[in-house]
Amino acid sequence: MRFRNRRTSERGNPRSNGEVISLTSLFEGERGVLTNAFGGFGLVRRLAEMGLTPGVEIKLVRKCPFRGPLQIEVRGSMLALGYGVASKVFVKPLKAESNG
Amino acid sequence: MAKQLRIALAGNANVGKSVIFNQLTGLNQIVGNWPGKTVERAEGTLHFKGHTIRIIDLPGIYSLSTFSMEEIVSRDYIAVEKPDIIINVVDASTLERNLYFTLQLLELEAPIIIDLNQVDFAAKKGVRIDVEKLSKTLGVPVNPTVAITGSGINELLSTVIAVMSGKRKLKPLKVKYGKEIEKRVQAIEKLVSAKLPQLCTVYPARWISIKLLERDTDVAGKLKNYESGKEVLDYAEKLAGELETIHGEPSPVIIASEKYGFATEIAKAVTIIEAPPKISLEQKLDALTTHKILGYPILVAVLASMFALIFAGGNLVSTGLDYVFGIFTTYTENILSSLLPEIAVSLIIKGILSGIIAGITIALPYIVPFYILLALLEDSGYLPRAAFLMDNLMHKIGLHGKAFIPLILGYGCSVPACIGCRIMETERERFLAAFVVVLIPCAARTVVILGLVGRFVGLQAALALYAFDLILVFILGRIAFKVLPGEPVGLIMEMPSYKKPSLRNITLKTWSRTRDFVFIAFPIIIAGSVVIEALSLSGLMNYVVEAASPLTSGWLGLPPAAGIPLIFGVLRKELTLILLSELIPLRTLSNIQMIVFTLVTMIYIPCLATIAACIREFGWKKAAAITVIDIALALFLGGIAYRLLSLVTST
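Residue numbers (this note's numbering), protein chains in the order written: chain A, 22 to 121; chain B, 979 to 1629.
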């Protein structure tokens, strides 16, 4: 049930007008620019130290079903983020053309 | 000149730092703990061109802030102990992330040289690093290496010597921030140098200022020891607040962001892309092993074959060892009994000797192969993938994916599993993981499960016990997660690329871990063995058994004599089976009795060695809590199982 709901909500997400969405709503293979991270001081700081700072480009490599973890590519290396962590990171999706 | 040099290795995790350390020191290393901390400290010595060099391998970290104990240990060592040189091991294939750490070392004004490692792997990615340019930019020597093959290691050491003898001068880069941060850093620095001259002899004034602006709690705590500390702190807080108002982000994020920007700039300038990145075998392997569906059967297959290998091989070796030790024991007993009184012989043979044998027959056949395979999984980079796949499930018990690693260790032996809980970030997570991990049936408990229930009742019953154990772990983990105060920490983990493991590194890792195990476990096993033998020689054991009989026969429905093996099982769990078979013919036990006995053995306190490991990692109180909870739980569940199973079979 939950899974289906999430899919419909994803479809309902317009991507063209540069809306800010949660990292968990990116599609696999899609890129986005980090706008900000919400959460406790400790978490936000730790994310920043792992390279997740505002303005950085993130590629969502893989996400596991049922609110599983996400694998992202950031600053030339791979990171695994738990779903809870990833849902606090917000990005502005980039258009597919900029994939290079 | 034979001067002793002190060198520290520092760098991110997964950059091949421990491989470099092993290449440098070989077997001349001591692995222990940092004083008062449960952070591993590896130290070694080497001789190079007439110099004696002491090397400390600092923990692999991404930052010098205060998120984890590893970070505090590292920065205090660098700042306070002031090693002669710090070799910053940098992964050439993820330069940007690594340079972020390098910049922090430079801010700490530490004398560093760069070991640009895994240049071969970078080349595979189609990337070459301009070593000269990087060296010029950072103002320190940069030495390319391929740690796995040992190439470049000699040059690295020569560079160290050249720097030490003054032949090569370090002109380290000064990290300058943008105007808004820089202005504030300098303002705080002025105040810090004026008001806290003592603290400035340990830590650089500029570094203190940056950390204060970042609202670093550890540095703030240091300031509180000084009279004018509060004034400086208030000032820094005011400036940090200003910065946050301008940017709308927490100050550490603003500073990290700029520092990363700087790292990116340097990385871009020195990276030469020689070939377009193509999809390598490693990437294909990565895609397959973390695949959302295929990843799981692969994980199961990897783990299943690992354990099949360990238990099949272990059983063989263990049987052989038992035979050899059997002959050896009889032989020694014959000699000793002609020399010493009977009591002394018993104490030596059944106490000391059987303790040593107990240790060896579990360590050699099960622990060593387990460590070898573990090192293989670790060095190849598979473990982080397993952690990734299991993250979701581990969250259900309030832990995250990384906890899967000690959990797997638990199926081998609870001792390394307890120590393995260190990979969790906070004290709370470590304890929670340890609580769960000791309930996992280790190799010794597996021997009992398979040898008693599996053999006499049937394999299905044995598997049911395993399944029950997993459910129990899940339920208890969930309860502990709810009961323990504190917030759960989410998963943030680097996933290193797959790499070819090196035989030398695996051997050295296995060796140092086995040695660690021997040091923790053996003294405890031997001492415990002597105490229990003394108890039984003095006849006190009978009282204990008698006193426990309402519990063993009344509550658990076992023959009263079954109390003895359960007590001895504290030494090592598979002893329970051996002793039980000596005391009572196994076939006379009913199926229910076998299941209850095995269930109790499986759950009650992990052996003495595990308790020792828990004490070392978590202190007396928490170790005692784990022990008491496990005993109570085992007895409780054993009694319930006895009644339920009797009820089911009678109807």
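For the record, the hints were derived by calculation from the structure and aren't laboratory data.
Among the hints, a few may not be true.
Unchecked claim - Ranges of calculated distance between the beta carbons of each label pair, as one might list FRET restraints:
(1) A:56 / B:1168: 49 to 59 Å
(2) B:1442 / A:116: 28 to 38 Å
(3) A:49 / B:1195: 46 to 56 Å
(4) B:1156 / A:56: 47 to 57 Å
Unchecked claim - Here are the simulated lysine-lysine pairs, PhoX-like style, with alpha carbons at most 20 Å apart:
(5) B:1161 / B:1216
(6) B:1102 / B:1478
(7) B:1168 / B:1152
(8) B:1173 / B:1157
(9) B:1216 / B:1200
(10) B:1161 / B:1173
(11) B:1374 / B:1270
(12) B:1157 / A:80
(13) B:1256 / A:80
(14) A:80 / B:1168
(15) A:80 / B:1262
Glycine residues also receive a C-beta, built at the ideal position from the N, C-alpha and C atoms.
Status of each hint after checking the structure:
1. A:56 / B:1168: 49 to 59 Å: 35 Å, violated
2. B:1442 / A:116: 28 to 38 Å: 55 Å, violated
3. A:49 / B:1195: 46 to 56 Å: Once the Cβ atoms are compared, 38 Å apart, the range 46 to 56 Å for residue 1195 of chain B and residue 49 of chain A is violated.
4. B:1156 / A:56: 47 to 57 Å: 20 Å, violated
5. B:1161 / B:1216: 13 Å, holds
6. B:1102 / B:1478: 13 Å, holds
7. B:1168 / B:1152: Measuring from Cα to Cα gives roughly 17 Å; hence the hint holds.
8. B:1173 / B:1157: Outside the cut-off at roughly 24 Å; violated.
9. B:1216 / B:1200: The hint holds at about 18 Å.
10. B:1161 / B:1173: Between residue 1161 of chain B and residue 1173 of chain B the Cα gap is close to 19 Å, so the pair holds against 20 Å.
11. B:1374 / B:1270: Judged against 20 Å, a Cα distance of about 18 Å means the pair holds.
12. B:1157 / A:80: Violated - the C-alpha atoms of residue 80 of chain A and residue 1157 of chain B are around 31 Å apart, more than 20 Å.
13. B:1256 / A:80: 17 Å, holds
14. A:80 / B:1168: 42 Å, violated
15. A:80 / B:1262: 17 Å, holds
This entry does not satisfy hints 1, 2, 3, 4, 8, 12 and 14, going by the numbered hints stated previously.
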